[in-house]
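One line per chain: the protein sequences are A and B, in this order. Numbered by the numbering used here, the letters in the first sequence go through residues 1 to 453 in order. Numbered by the numbering used here, the letters in the second sequence go through residues 1001 to 1453 in order.
Keep in mind the hints are simulated off the structure, nothing from the lab. There could be a bad hint or two in this list.
Derived list of chain A stretches under chain B, where covered just means 3 residues or more per stretch with a C-beta under 8 Å from a C-beta of chain B [said to hold, decoys possible]:
#	region
1	345 to 354
2	371 to 381
From chain A, some residues computed to sit far from chain B (all C-beta separations above 10 Å) [to be verified]:
#	residue
3	6
4	40
5	70
6	74
7	130
8	149
9	221
10	227
11	239
12	295
13	298
14	299
15	402
16	417
Over 12 Å on every C-beta distance to chain B, these chain A residues come out as not near it, computed from the model [as the list claims (entries may be wrong)]:
#	residue
17	35
18	162
19	200
20	261
Glycine included, each C-beta is placed from N, C-alpha and C at the ideal position.
There are 2 protein chains.
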Amino acid sequence: KPLLSRFSPPQLIALSFASAILLGGLLLWLPALHGQNPDGTVRPLSFLQALFTATSALCVTGLNVVDPSKDFNRLGQFVIMLLIQVGGLGILTLGTAFALFTRRRVAFSERVRVAQQVSALSAGDVLNLVRKIFLYTFVIEGVGALLLAFAFVPRYGLGWGLFYSVFHSVSAFNNAGFALYSDNLMGFVDDPLVSGVIALLIILGGTGFLVQLNVLSHLHNPRRFPLVPHSRLVLIMMTALLAVGTLAYLVLEWNNPRTLGPLGFGAKLLASFFQSVTTRTAGFNSLDYGAMGLPTLFVTMILMFIGANPGGTGGGIKTSTFYVMMAAAWSMVRGRRDVNLFSRRLDTETILRAMTVSTLSLGLVLFMFFLLLLFNTDPRILFIQLAFEAVSAFGTVGLSMNTTPLLHANQQIVLIFLMFLGRIGPLTFAVAFSRPESDGLIRYPAEKEILIG
Amino acid sequence: KPLLSRFSPPQLIALSFASAILLGGLLLWLPALHGQNPDGTVRPLSFLQALFTATSALCVTGLNVVDPSKDFNRLGQFVIMLLIQVGGLGILTLGTAFALFTRRRVAFSERVRVAQQVSALSAGDVLNLVRKIFLYTFVIEGVGALLLAFAFVPRYGLGWGLFYSVFHSVSAFNNAGFALYSDNLMGFVDDPLVSGVIALLIILGGTGFLVQLNVLSHLHNPRRFPLVPHSRLVLIMMTALLAVGTLAYLVLEWNNPRTLGPLGFGAKLLASFFQSVTTRTAGFNSLDYGAMGLPTLFVTMILMFIGANPGGTGGGIKTSTFYVMMAAAWSMVRGRRDVNLFSRRLDTETILRAMTVSTLSLGLVLFMFFLLLLFNTDPRILFIQLAFEAVSAFGTVGLSMNTTPLLHANQQIVLIFLMFLGRIGPLTFAVAFSRPESDGLIRYPAEKEILIG
Ligand SMILES: [K+]
Ligand SMILES: [K+]
């Protein structure tokens, strides 16, 4: 029996991702990829720092213990871009391809499950799906890079200008949040071209591939291809969360002299929209999160935890999970028998799955946050900074109150695990490494007399 | 049609409680109840401060914007004790009695629901139930006061010694957390009698009335009265959480020079156990929470949010809710069809109810915490202090990092609402004030293609 077929698809996903992180860490540890000081000496980089950077790139998070614009040379930055691309094309695509390359035919039920994890819409042929995802990714990234070239080529010339354009397009579409500037994109806070294109790439990447396929087909032939309920739900949720986020930044930071304060109305609006988009787990920032007010940081943490749409490059518990939790609670309050959505009834399995994902995610974030507190050795680091860091790592967001470089090695290791678990999803991980149980023949009588709340 | 019969039981519960708070606030505003300065002048107390104290007493929370040991005289303290007793005997008992006094016969189905909210075990006769609860409460409080008298009578003489004994017994059994000392019970950190009796009263009050009835019947005649699953579940959960809490305080604070550090091993153990008991939403403290480490404060917040057993005087989402959430997630991970407990299957309604209570509670705490951040005017108050305050108010715990007296009036109003909603439960409140919906004849087809997580 070949080695690979001993593993279940969730195990393959987790193991292949862990292997990629380890290989990426070793690769980024090579001194040939590191930046130089002005005096020509190579800047030192520990294996932990290289591993952290590789995890952050492959998990498309964007948290950094080093400064990629200085601590890596162009080759190193190119490798980081490749890692982002590998990570962004996703664990699921990878795991599927992995299974196919071993010439073991994936059983139909497994195909369905994998395809459903990419998007809930249809099973289809897995290999064909993977091809489509690759093509779609490269087309969007190419168009994005072309548009960004109008900003970067005039600055850096054709060669490096294109490099900057491709790097930031790849980083944006994959919701990675890596930028080639020490202050991320704060230099472009009032630049509508760069801010706008990057925001658009983030949204496209975070919408979910098959939702977009559904939207495109629908625009082409509305009668034959209706917008399925999943597409309608996540598009509505995404729009609503973007609007709430924009409004929150605008109102809460309006007068803050270190963020929106000095900007004109147009730039205030652009910066608020950009920051709202970026909390959809992209992790770029054109404002300084270390300078924001506590209410703004709180709203950011909530938005980061909810995250992007499923089946895209974003993280978090996902907009659909959040909606189902809210809708189920609302139905219970109103005394309804069912949870309805667009004249459909959500089945119990979907609700229980949303509950499980939320519970496991919250439990994971809280546990890792506790470890960050426990391993803290710097009394200047505040509770909120570590809370922000934990939510950001879990949601593979990458925003930080400028805390990451100050962390102790133990805390960096905690974040590495959290980024990894946040990317593959706590449910996938838990399913991968728990012994599955057959239901057996006995079904116990129902117990209704447990008092709740 | 009489006025009262226009309201549903949840509405009666919420309205009667709100009226009691308003009346209590007016009562405590009377200068005749206020303490005196050494020069004989009456200490000033605003209506908001009186309302806050009345809410804290009636919701058996124990948060204080004033110092009850100085800002109220003995009469005022006696009134506070009465308010605690009224609050602790519970919103449900009150609401039921209220309905009975209006001579409107409560319909059987409503009786069942009310009785089930007191405990999940049996319906029985509501009036009989209320009588039993009163008797049980006064017997336990009496015994508690007698035991405490051994500590307080030698200190304050027979009269005031008994007053102190009764006050602290009532405050402990009702999980109120009010004490007649400016530093709460920090003077009794190594006193096994006071710490022990108070811890025992807290546990008895927080266990749930019918669970204890079940235990007593079971001890008397095990064959005829088995321990029902609900009793077994909450007893196990309570023991486990007490053990986890004790261990956490012991390990995390062992070397803290401002908490456990200076104490001997026995006193360390006593103080850890006492603090673990108190997070079961009682809110007394024999250590200074303002001096504890961040990991300890984090664990405390988690324990406060989980809270006590249902049907007792404690708050929080309740131990059974927490268990059901964990068990449901675990079943999902293991791929089981059912969530089992003691060879019984939890019905879907129970699981959905646990999910709703958890979601609404978390949403409520987060929203109120956001308001606390938004209304903050004192830059010295930290994020963690307001987070701690919000969880403490929701769980009607009453522990504080010494923040409450520093809060702005707006923040105090937020806490008043949070204590109120935490006490009657967000689900009860939501049900009370949302329009119930009949299911109608249409049941929509099931929608399974929503991608979660
Ligand atoms: K990211
Ligand atoms: K309390």
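Failing hints, ascending? Hints 12, 13, 14 are the ones this structure does not satisfy, whereas the remaining hints hold.
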